[in-house]
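For reference, the chains in residue letters:
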Amino acid sequence: MAEPGTKASDAVHELAITEGLVDAVTQRLPGARVTCVRLEIGALSGVVADSVRFCFDLVTEGTDLEGAALEITEPAAVCHCRVCGQEFEPDGPIALCPCGSAEVTVLAGQDLKITSVQVA
Amino acid sequence: MCGSCGCGSGAVITLLADRPVPAWLGGHAQPMPDHPHRHVPGHGHHSHGTVRAPDEFLDQDEPHAHHDHDHPRVLQSADSDRTIEIQQKVLAKNDDLAEQNRGWLRERAILAINLMSSPGSGKTTLLERTSRELAGRMAISVIEGDQETALDARRIQAAGSRVVQINTGVGCHLDAEMVARGLRGLDPPSGSIVVIENVGNLVCPALFDLGEEAKVVLASVTEGADKPLKYPHMFRQADLVLLNKTDLLPYVDFNIKQYMADLRMAAPDALLLQISATTGDGIEGWYDWLRRRVPAPHD
Ligand SMILES: Nc1nc2c(ncn2[C@@H]2O[C@H](COP(=O)(O)OP(=O)(O)O)[C@@H](O)[C@H]2O)c(=O)[nH]1
Ligand SMILES: [Mg+2]
Ligand SMILES: [Zn+2]
Ligand SMILES: [Zn+2]
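From first to last, the protein sequence lines stand for chains A and B.
For the first sequence, this note's numbering assigns the number 18 to the initial residue and increments by one for each residue that follows.
For the second sequence, this note's numbering assigns the number 4 to the initial residue and increments by one for each residue that follows.
Hints are supplied without guarantee of correctness; some may be wrong.
As the list claims (entries may be wrong) - Once the Cα atoms are required to be at most 20 angstroms apart in a straight line, the calculated SDA-like pairs of lysine to any residue come out as:
hint, chain 1, residue 1, chain 2, residue 2
1, B, 92, A, 67
2, A, 130, B, 95
3, A, 130, B, 272
4, B, 92, A, 123
5, B, 92, A, 46
6, B, 92, A, 43
7, B, 260, A, 118
8, B, 233, A, 59
9, B, 92, A, 132
10, B, 260, A, 113
11, A, 130, B, 257
12, B, 233, B, 291
13, B, 92, A, 129
14, B, 233, A, 120
15, B, 92, A, 87
16, B, 233, B, 257
17, B, 233, A, 113
18, B, 92, A, 53
19, B, 233, A, 100
20, B, 233, A, 123
21, A, 130, B, 90
22, B, 233, A, 107
23, A, 130, A, 74
24, B, 233, A, 114
25, A, 130, B, 91
26, A, 130, A, 47
27, B, 92, A, 133
28, B, 260, A, 117
29, A, 130, B, 87
30, B, 92, A, 90
31, B, 92, A, 70
32, B, 92, A, 93
33, B, 92, A, 59
34, B, 233, A, 108
35, B, 233, A, 127
To be verified - Interface residues of chain B toward chain A, partial, derived using beta-carbon atoms under 7 angstroms:
hint, residue
36, 87
37, 88
38, 92
39, 206
40, 269
Hints were generated in silico from the structure; no laboratory data involved.
Glycine included, C-beta positions come from ideal geometry on N, C-alpha and C.
Given these sequences and hints, build the entire structure.
See below:
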């Protein structure tokens with residue numbers, strides 16, 4: 018299953034997430050032939066989009082989602098700094114304000130959600 | 004395969020408290036003399052492994068009912084395909100079950116702690132000491148999550164706490180459903196503490212709410228000081244970070260000042276306590292932290 022250069026150990030962690038995704042869609046739309054799933058993976062969700070892509074075909078095999086496309090958007094996180102008061106978009110997985118403070122509240126970007134699916 | 008946790012072989016839950024260690028540990032499932040094993044079919048949409056447990060608690064209600072969702076809304080039709088707006092968290096099912104666990108725990112005034120770390124950081128060692136030293140002071144029971152074996156549950160049992168072992172097979176984390184069943188098995192008394200030792204791993208356990216009141220991340224000085232920056236998602240959610248194995252500080256290259264600075268960045272709101280689970284150094288801070296959170300028992 019692991020291709021050269023793919024970290025299988027990372028992908029294994031995203032397997033559970035990808036299975037949750039398939040589970041959620043098939044429960045919501047039982048029997049529908051799904052041709053595309055649109056997923057939002059927030060920058061601070063803790064989930065690696067590439068690993069979900071890596072698992073998707075494997076996990077959908079034999080389900081209503083087999084052969085479906087996977088479209089992932091990765092919205093930036095939005096944080097509020099409790100020291101200087103500004104709102105900012107952190108540029109990595111660590112929410113650090115440009116002022117240097119780490120005393121921040123995450124306002125957006127932690128979600129991992131299905132936004133829509135396309136059915137035939 | 005289980006749809007929510009990726010545990011291909013299904014989670015197996017075993018109650019060890021108050022009774023002999025079952026003989027099936029080596030892979031040979033054998034009924035215990037007084038409490039024959041009973042296989043419980045998974046409820047709802049898919050089978051979620053096997054519970055091996057005494058009959059008495061299997062007859063209780065399942066902790067959760069299924070949640071109704073709104074009907075999906077059809078947005079547009081393009082060609083023959085229709086786009087259906089869903090707007091649902093991928094782990095919504097787990098989140099719902101976790102909320103039900105939380106309600107169940109609050110109703111009974113039970114404090115549940117989700118204890119997470121890399122493998123070998125010392126979670127079980129900490130819980131053994133905690134069980135021994137708090138015996139008679141606070142009632143503690145433990146849900147042990149491991150991929151295989153009930154070795155850790157036996158250690159906890161030997162230290163005097165009631166314990167349930169959950170084996171996740173290939174699954175690398177506990178989920179809310181496993182914990183719901185573990186809680187039913189333990190049936191902890193009101194006013195007590197349940198510590199859930201999650202599967203050793205700093206990735207997935209951060210994603211799965213179990214219904215706990217607080218998340219504790221255990222780190223040890225032997226695994227290097229870079230963990231908070233490497234696993235920020237895990238550390239960001241921690242209410243408490245326990246830095247363990249401080250007895251080894253003289254022998255390892257671990258810059259504690261740097262660690263504290265990095266932890267501040269990854270987890271600005273977490274409290275840090277330095278402990279040694281083997282020598283007991285600093286451990287009173289952990290007990291105080293627990294004591295402050297234990298609710299008064301209902302009568
Ligand atoms: N020196 C030292 N060793 C420890 C300490 N805590 C745990 N260990 C050792 O670390 C190893 C792994 O501990 P264990 O509790 O099984 O870790 P777990 O996988 O997180 O449950 C064991 O050999 C323990 O004896 C500590 O505070 N100091
Ligand atoms: Mg352990
Ligand atoms: Zn994992
Ligand atoms: Zn700032």
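Verification of the supplied hints:
1. Distance hint between residue 92 of chain B and residue 67 of chain A is fulfilled; the C-alpha atoms sit about 18 angstroms from each other, no more than 20 angstroms.
2. Annotation: proposed proximity of residue 130 of chain A to residue 95 of chain B holds, straight-line Cα distance about 9 angstroms (limit 20 angstroms).
3. Restraint check for residue 130 of chain A and residue 272 of chain B: the C-alpha separation of about 26 angstroms exceeds 20 angstroms, so the hint is violated.
4. Only pairs whose Cα atoms come within 20 angstroms are accepted, and residue 92 of chain B paired with residue 123 of chain A is accepted, the gap being roughly 17 angstroms.
5. For the hint linking residue 92 of chain B to residue 46 of chain A, the alpha-carbon distance of about 15 angstroms falls within 20 angstroms, and the restraint holds.
6. About 14 angstroms separates the Cα atoms of residue 92 of chain B and residue 43 of chain A, which keeps this hinted pair within 20 angstroms; it holds.
7. A distance of roughly 17 angstroms separates the Cα atoms of residue 260 of chain B and residue 118 of chain A; the hinted pair therefore holds under the 20 angstroms criterion.
8. At most 20 angstroms may separate the alpha-carbon atoms for a hinted pair to count; residue 233 of chain B and residue 59 of chain A meet this at roughly 18 angstroms.
9. A hinted pair counts as satisfied when its Cα atoms are at most 20 angstroms apart, and residue 92 of chain B with residue 132 of chain A qualifies at roughly 9 angstroms.
10. Between residue 260 of chain B and residue 113 of chain A the CA atoms are separated by roughly 19 angstroms; this keeps the pair inside 20 angstroms, and the hint holds.
11. Under the criterion of a C-alpha separation no larger than 20 angstroms, the hint pairing residue 130 of chain A with residue 257 of chain B is inconsistent with the structure, at around 39 angstroms.
12. About 29 angstroms separates the Cα atoms of residue 233 of chain B and residue 291 of chain B, which puts this hinted pair outside 20 angstroms; it is violated.
13. At roughly 6 angstroms between alpha-carbon atoms, residue 92 of chain B and residue 129 of chain A fall within 20 angstroms of each other, so this suggested pair holds.
14. Restraint check for residue 233 of chain B and residue 120 of chain A: satisfied, since their Cα atoms lie roughly 19 angstroms apart, inside the 20 angstroms limit.
15. Between residue 92 of chain B and residue 87 of chain A the CA atoms are separated by roughly 16 angstroms; this keeps the pair inside 20 angstroms, and the hint holds.
16. Only pairs whose Cα atoms come within 20 angstroms are accepted, and residue 233 of chain B paired with residue 257 of chain B is accepted, the gap being roughly 16 angstroms.
17. For the hint pairing residue 233 of chain B with residue 113 of chain A, the CA-to-CA distance comes to about 15 angstroms; that is within 20 angstroms, so the pair holds.
18. Between residue 92 of chain B and residue 53 of chain A the alpha-carbon distance is near 17 angstroms, which keeps this suggested pair within the 20 angstroms criterion.
19. Between the alpha carbons of residue 233 of chain B and residue 100 of chain A the distance comes to roughly 25 angstroms, so the proposed pair goes past 20 angstroms and is violated.
20. Proximity of residue 233 of chain B to residue 123 of chain A is assessed by CA-CA distance (about 19 angstroms); at most 20 angstroms being required, the pair is judged to hold.
21. A distance of roughly 7 angstroms separates the Cα atoms of residue 130 of chain A and residue 90 of chain B; the hinted pair therefore holds under the 20 angstroms criterion.
22. Proposed proximity of residue 233 of chain B and residue 107 of chain A is supported: the alpha carbons are some 16 angstroms apart, at most 20 angstroms.
23. With a CA separation close to 18 angstroms, the supplied pair residue 130 of chain A and residue 74 of chain A stays within the 20 angstroms bound.
24. With a C-alpha separation of about 18 angstroms, the suggested pair residue 233 of chain B and residue 114 of chain A falls inside the 20 angstroms cut-off, and the hint holds.
25. Among the hinted pairs, residue 130 of chain A with residue 91 of chain B is consistent with the structure: their alpha-carbon atoms are about 5 angstroms apart, no more than 20 angstroms.
26. Using a Cα cut-off of 20 angstroms, the hinted pair residue 130 of chain A and residue 47 of chain A holds, with the two alpha carbons roughly 19 angstroms apart.
27. Proximity of residue 92 of chain B to residue 133 of chain A is assessed by CA-CA distance (about 11 angstroms); at most 20 angstroms being required, the pair is judged to hold.
28. Restraint check: the Cα-Cα separation between residue 260 of chain B and residue 117 of chain A comes to about 18 angstroms, which is no more than 20 angstroms; the hinted pair holds.
29. Distance hint between residue 130 of chain A and residue 87 of chain B is fulfilled; the C-alpha atoms sit about 14 angstroms from each other, no more than 20 angstroms.
30. Taking the CA atoms of residue 92 of chain B and residue 90 of chain A, the gap is about 14 angstroms. The hint holds against a cut of 20 angstroms.
31. Between the alpha carbons of residue 92 of chain B and residue 70 of chain A the distance comes to roughly 17 angstroms, so the proposed pair stays at or under 20 angstroms and holds.
32. For the hint linking residue 92 of chain B to residue 93 of chain A, the alpha-carbon distance of about 17 angstroms falls within 20 angstroms, and the restraint holds.
33. About 11 angstroms separates the Cα atoms of residue 92 of chain B and residue 59 of chain A, which keeps this hinted pair within 20 angstroms; it holds.
34. For the proposed pair residue 233 of chain B and residue 108 of chain A, the alpha carbon gap of about 15 angstroms is at most 20 angstroms, so the pair holds.
35. Taking the CA atoms of residue 233 of chain B and residue 127 of chain A, the gap is near 17 angstroms; set against the 20 angstroms cutoff, the hint holds.
36. A hinted interface residue such as residue 87 of chain B counts as satisfied when its beta carbon comes closer than 7 angstroms to some beta carbon of chain A; here the least separation is about 5 angstroms, so the hint holds.
37. The beta carbon of residue 88 of chain B is positioned within 7 angstroms of a beta carbon in chain A (closest approach about 5 angstroms), and the interface hint is therefore held.
38. The interface hint given for residue 92 of chain B holds, since its Cβ lies 5 angstroms from the closest Cβ of chain A, which is under the 7 angstroms cut-off.
39. The interface hint given for residue 206 of chain B is met, as the beta carbon of that residue sits about 4 angstroms from the closest beta carbon of chain A, less than 7 angstroms.
40. Against a cut-off of 7 angstroms between C-beta atoms, the interface hint on residue 269 of chain B holds, since the closest Cβ of chain A lies about 6 angstroms away.
Figure legend: structure checked against the earlier numbered hints; hints not met, in rising order: 3, 11, 12 and 19.
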